[in-house]
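As you go down the protein sequences, you meet chains H and X in turn. At position 185 of the first sequence the residue is numbered 185 (the numbering used here), and the sequence of numbers has no breaks. At position 215 of the second sequence the residue is numbered 215 (the numbering used here), and the sequence of numbers has no breaks.
No lab work stands behind these hints: they were computed from the structure. Do not take every clue at face value.
The list cannot tell twin chains apart, which means a pair is met if one copy fits it or any two copies do.
[Claimed, not checked] The list that follows gives simulated cross-link-like pairs (lysine to aspartate or glutamate, DMTMM-like), each with its CA atoms no further than 20 Å apart: (1) Lys95 x Asp79; (2) Lys81 x Asp108; (3) Lys78 x Glu24; (4) Lys78 x Asp93; (5) Lys78 x Glu21; (6) Lys95 x Glu75; (7) Lys81 x Asp232; (8) Lys95 x Asp23; (9) Lys78 x Glu52.
2 protein chains.
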Amino acid sequence: MTRFADATGIVPLGEGRYRAELDEGFGFGAALNGGYLMATVMRAVVAESRHEHPVATAVNFLRPAGPGPAEIVVEQRKDGKTASMARATLVQDGKAILDAQVTTGTLDLEAVPVYCGPAPAMAPLEACQTSGRGSAERGFPARVDMRFDPAAMGWLDGRPTGRPEMRAYFRLAEHDDPDPYVLALALDALIPVVSNTGIYGWSPTVELTWHLRALPAPGWLTVHGTGRLVSDGWFDENVEIWDARGTLVAQSHQLARAARGR
Amino acid sequence: MTRFADATGIVPLGEGRYRAELDEGFGFGAALNGGYLMATVMRAVVAESRHEHPVATAVNFLRPAGPGPAEIVVEQRKDGKTASMARATLVQDGKAILDAQVTTGTLDLEAVPVYCGPAPAMAPLEACQTSGRGSAERGFPARVDMRFDPAAMGWLDGRPTGRPEMRAYFRLAEHDDPDPYVLALALDALIPVVSNTGIYGWSPTVELTWHLRALPAPGWLTVHGTGRLVSDGWFDENVEIWDARGTLVAQSHQLARAARGR
Chain H
1 MTRFADATGI VPLGEGRYRA ELDEGFGFGA ALNGGYLMAT VMRAVVAESR
51 HEHPVATAVN FLRPAGPGPA EIVVEQRKDG KTASMARATL VQDGKAILDA
101 QVTTGTLDLE AVPVYCGPAP AMAPLEACQT SGRGSAERGF PARVDMRFDP
151 AAMGWLDGRP TGRPEMRAYF RLAEHDDPDP YVLALALDAL IPVVSNTGIY
201 GWSPTVELTW HLRALPAPGW LTVHGTGRLV SDGWFDENVE IWDARGTLVA
251 QSHQLARAAR GR
Chain X
1 MTRFADATGI VPLGEGRYRA ELDEGFGFGA ALNGGYLMAT VMRAVVAESR
51 HEHPVATAVN FLRPAGPGPA EIVVEQRKDG KTASMARATL VQDGKAILDA
101 QVTTGTLDLE AVPVYCGPAP AMAPLEACQT SGRGSAERGF PARVDMRFDP
151 AAMGWLDGRP TGRPEMRAYF RLAEHDDPDP YVLALALDAL IPVVSNTGIY
201 GWSPTVELTW HLRALPAPGW LTVHGTGRLV SDGWFDENVE IWDARGTLVA
251 QSHQLARAAR GR
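Input sequences plus hints: build the corresponding full structure.
Given below as structure tokens:
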């Protein structure tokens, strides 16, 4: 079992309750990555559903979580042939960490799109760079392998592009084949897009919703982040993930707080 | 009081419960518009919050609602200085109609954007047309005044553009000044974007999340809908609303089922 599969593992306690052991390896400092928490909650919801694929997940981030034991409570709300729906909460030390609404369905692995928009432009993998952020020896940077498009990394040298954007190739350090849980991690793994508007620092996600559109093929994921409006201390970050076959597999939209410093 | 304000009105019953009287005037046939239901639920959440503005709302549509009495149950989940969070459910005849997660905050009416992306292209109002859909004498078409961009309306004559897209100017029939509740209605009021990929008919929303980015100025709203992927019976519909001042005021993202007929 790889570290990510182990770290997002859940143990059923009965009546829609699950135990998880949150892994400090998916944190920056004391706070764990939101995508990692989301992936763990999604596993519990799927375990309670007749459907295998978490097609829509909306999360309210109530407070940060730390490493250690936690519990997931799943409440089934609709059991449908096409789509089932649940509410779920991640609880740690008696406090709700996040609330989620998850819709599950069964995707057709052979589906041929009626329409797919063009993939955004991206530098080739060999032209991309690591983030230079954090130590790659422990915590989140050690668990993932990310290669950033240098065209959106000039902010490191004081030359932000002026537009909210960030792009990277993504895989887990242990090269697990991507699945919906890896996608949940990848879509919240980018350096905040507002770095390219000159806003640096901690940018907590308030609300994040994502849609699983297809199951990803093995290989690198391409993660494209953009934003439309940075105003009043709030910004949106919109991520598309394309797989190694060139299929659009995930779309996410989050509302986050901009760091105070500029 | 205008009909929309009256139709989304709520009466407190205590302990986070509210009564609503759902108005058949905001329906197509037997099913009420999802944006109308969302607006009614948002009013109850805001009534329970110290903040006035519903900045993020995520909805799972469990089943259709009809006209008549309904109840809203609000559960406060976080009471924060910057953002408060709640879960809410709309109940009719003892059945849950929709589940919502709503984040409320207090927007600064004088905020000057750090960054705003370019507004999408749109035909001038005088070049736009009514939908030709339904009778304008009763039901939803009588409650709203919408003028569609003719460049995305060729599907009416068997000439869809081939891309998921739909654009319209929007105001209420009674010309109420837009507010967050009117935005909730407007962002779910377009003819489905997949009409332009040759898919016609009932396209039920499964999950819809939207973010309120600024309070709208009086006047017409411009509603831009696009999609990125139509596949496997699912499509995404992404809407931006710009106000009469040219401010991006709302962003929504929904996952919906495509009608079977092509």
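- Hints the structure violates: just list their numbers, smallest first. 3 and 5
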